[in-house]
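Add chain P to chain V, keeping to what the hints say.
Residue numbers (the working numbering), protein chains in the order written: chain V, 688 to 1014; chain P, 74 to 570.
Hints are not guaranteed to be accurate.
[Stated by the list, open to error] Sample of chain P residues with no beta-carbon within 10 Å of chain V, all distances over it, derived:
{"id": "1", "residue": "Lys-131"}
{"id": "2", "residue": "Thr-462"}
{"id": "3", "residue": "Val-507"}
[Unchecked claim] Where chain P lies over chain V, by a calculated footprint (3+ residues, C-beta under 8 Å):
{"id": "4", "region": "734-744"}
{"id": "5", "region": "909-923"}
Worth flagging that the hints you see were computed from the coordinates, not collected in a lab.
Yeah, the Cβ is synthetic: ideal placement off N, Cα and C, and Gly gets one too.
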Amino acid sequence: MFAYIVRRILYAVPILIGINVLTFSLFFIVNKPDDMARMHLGVKRVTQDAIDSWKKDHGYNKPLFYNSNPTTGNAFTDTIFFTKSVRLFLFDFGNADDGRNITHDIYQRMWPSLAIAVPIFIIGILVNITFSMIMAFFRGSYIDVGGVVLCVVLMSISTLFYIIGGQYVLSIIFKLVPISGYDTGTDAFKFILLPVIVGVIGGIGSGSRWYRTIFLEEINKDYVRTARAKGLSERIVLFKHVLKNALVPILTGVVAVIPLLFMGSLLLEAFFGIPGLGSYTIDAIQSQDFAIVRAMVFLGSVLYIVGLIMTDISYTIVDPRIRLGST
Amino acid sequence: MTSLKSYLLLIMVIALIVAASLGIASATNVRIAVLWSDALIYLLVLAIAAFAIEATHKEHLRAPWRHVARRPLAMSALVVLLLYVVVGLLDSVHFRQALEPQEGQTEIHYSGEELSLLDVILTPLREQQEKTYSAPFATHLYMKETLERDGIQIRDYPRLTHAGSHLDDPEKDKVADIVLKTLLALIEALILWAVILIVLAALLARGKQLTTGNVVKAILRNNTEIPWLAMLVTFGMMLLLIMFTVNLAGSYHILGTDKVGQDVLYLAIKSIRTGLVIGTLTTLIMLPFAIMLGIMAGHFKGWVDDVIQYLYTTLNSIPGVLLIAAAILSMQVYMANHPEMFETVTQRADVRLVFLCMILGITSWTGLCRLLRGETLKLSQLDYVEAATAFGVGHFKIMTRHILPNVMHIVLIAVVLDFSALVLAEAVLSYVGVGVDPVTISWGNMINSARLEMARDPVVWWSLVAAFVFMFALVLAANLFSDAVRDAFDPRISRTK
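Only chain P is shown next, with the shape it has when bound in the complex:
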């Protein structure tokens, strides 16, 4: 298949998705609401799809990716990353539900709250609110309340409304109930895993004159070129966690509830999108500037180089956190004085999120720009660029056709290495008070609101632990994967091997 065909296929798929979602929206009486960050995410997905199409049709791009695909650790990390990405994408399709029409009203009014597909999937988690804190798997509230029992008032821990309410005597039945449900989850996960293994084997066996059974054996003996076994084991573990959640989240708060009684698991899952948005959109926003200015500085030299160097040295001199703080503070003042610009709370929070990405982008493009400038300076000395100049090829064409493709590996390495640092930075910035909006659900905000609870007795640890574990899994996976990408694409490293 040529790349043109792939692009046509891509466009058809997009058209289908858009048509289908519009159809579903009109059938279910909702209005699709595209937030700024959603739009940018769709753009990013398109860019990645186009990049993938390019990469599959060019041998010199395919080779390093094959190198990545052979590393078990990197591919396992990729499985975890993809799971996060799926959650993040589900959480990036927003819509507003139509309100019940009032008497004598003809036009439809829409709810002031944007919901995402993920919210719909997690409806039980979202709606099962308690009064305040409760520990993971607890059946009683964290704090005592005055209750009336048999006509006398006593102070005791009240039962939770949504956790363990199906049990008659929680003290006695709870452990048995949890064990039973866990076993059920284990069995379900195993069955699903086996099904996926066989489907995968059947797909791999297709057109290779192998039976599915042989491929299954090869996978289980870890005898395949791509480390399917490692990926499947990782996926199996994820599957186990998912089935565990599916079975137990309806009847318990697996990770407890927070101060206002919201399910911590829900908050931790919703935070995934915020983390991914900051990690990816920041890069998406800064890339065009970094690439354009870096290549221009290296190609034109002279005063253009001086101006661009001056620009990035100046921006680089300002301590990052302070520049972000200054920009966000200005933004806050601006938003406080222009409340009419934002229709809903979510929209305001979203604009702030995109703005934060822009500011993070401004503080982080300088490093990449300097690298690109240096590399371009080196490349423009090479014979083929000089030949192009001698033939009278224009500046723009030299930069895009001859230099850009040869610096793309630097860009790619910078992108994957930046991601994890940005996810971690979000938590720190939210703590300082210049991160995402307080109403945006993010790991930083979770940590921020829970950190004072460590002094309580008994300790309220679950919010913190949930946020840290979810963040750790994402960052670790990203770090492991980016290491493999760097090894594969960095010509300096691959030569020594």
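Here chain V stands alone, though its shape is the one from the complex:
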């Protein structure tokens, strides 16, 4: 098991290098640092002096890969590739284009993101399981058919509609919660409530439908027939036998998402004015702050790979038949 995890982590290294090279080429080879400077300073009527001083301030005044007369370090470390890309591996994200320290910002903004993402994740799973259990219990009846149709309808509605509609109904008409904003401590509750409701409702459609198919697959298995043949009631069969076994694919399926909760939700945070990592990313995209976008791409990829490894480990925990590392 331990050896397996070590191997998986080592396997992640080439992937991260690949991501790094890809983002580097997107940001520095397709567009030269000069183009970037021009973009920031306004496209027209920019003098070469202004471009040079912008590049110097932000550390872009170096060759891309090889520096023939280095001022610090050697020919390979005093380059854009080393200072801007390789340093990401040490989780040293450097400074944003407006001079703020990105690592510090990420630590600060992680908590509001989690405050929204974790409740949505947990409540979402509970609601979806309940809803899909009801459909599976009444399978084939009008309740089931109606439930599936409702799921398809919910899936077909844009998330933006849930957000804007929720803000309009709860905040503007009924004035129950503030439209947007954030606060620390217990005051945060009233700001979190609406985004969480919207996030949960937005996920019901696809989530419940997926869980329903898992439940139905499980219901058709032999051990369920045996349980019924023993004379157990449908309720006990469903809650004691099917639920427990169906939780295996459900849990292993959602484990991969857990690390990504740190990244927050782009849309919810931006609409509700929550100072988390999601809105951080959107602000960076809109103000074209490439340093932050690069940092977030790297962070997101690391978290995704962590999620994959966690998924594999969770399989061995919930299903002892699977042994990792034996192959």
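Below, chain P alone, put in the same frame as chain V:
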């Protein structure tokens, strides 16, 4: 008819269409302008036509489609989808009109604005601009202005220039006028519907020794193999909406006007093409890669498999939105520094749209590629593939002749399931600022520019509602249809039934 004959027919039809459009273009003094996305759409239409010809000549392909054709819900959804597709195709034929020649000018100059066939059909909607917001069916502007009436200056809501201008006293006559026109639309729709019913019945009755009357009865009693009644009812409702628009759009703004006074209905209809392009072209662009790499990985195994797996794991690891954002940002910088590459604003916006499709394709091919790899691994263990290998059949031939046809159902299911997600993604991406160009009319841009208006009093809701309803109808129809396709083609599901 053999498939060769069908292909010849297809080529003749294409040649006819091209010749006719060139003829019309030279007669009406316009220049046909083919945008990048137009060209790709034509390619897609050709691919679908070829696929349809293949499918009608092979029993194992026809059977699942017959299964789809028997489901009323799916076929009703198809009617709605086809309506959207027709609008989208009309909006994909672009041309530039010739400008009035100046004094002493010999060569013809063309307008810097591409128009589509749809624009021509919707000319009244396109040109009836107001000053700013106005509510649906309003006769007065949303905001007060200083007016001069009987020699004194007062502040009041001015009359709209293009809505209800035929009424003397809008307060009194408006409701009666709208009701009258709606009734007219209802009658027209009913007549048209009846005509279509009879034509359809006559077509169905042909060569079956049935009278048209009998077929009409069978359709109305819902006694046909293909659920014509459900399809006709759906079509009837669409027809009603269309006739309603035709009758009222000329004299009112049915869905109001937006901030700069453009008709919201026009914007919502124009957005259809953008949504369809993103939903379909993305798939068209990513399919060759996904199919080729997926099958190669599963067939060759070894280092080829390792490289391809590495490739898709790497791309998959990057959060989709961020990869799209990074690519679009780079693209923006590039376009800002190379303005000379684009002749008109529409062309620039179109290149960005195609580029967005490419990036979306890059982020979305990985899932399909993995599925295809797994399926190919399974297939290459089967006897018939091993037999082919033993006979010395080449790799390329094994992959195209023996594996590809047997994984096509996976491809088809992935294509139809992706479509609705992509249409929804467009709106979100446009909100984030990495979607289509701000000058491209799309539901995302409509929502984006209207979302701050919810705080106004009275609320400006019509832009948002229009965009959401148009998008919802398309996505719902696509979801319902794709469910039926998946049920019909997925061997795992059909076996349990």
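Any of the earlier hints contradicted here, and which numbers?
-> 3, 4 and 5
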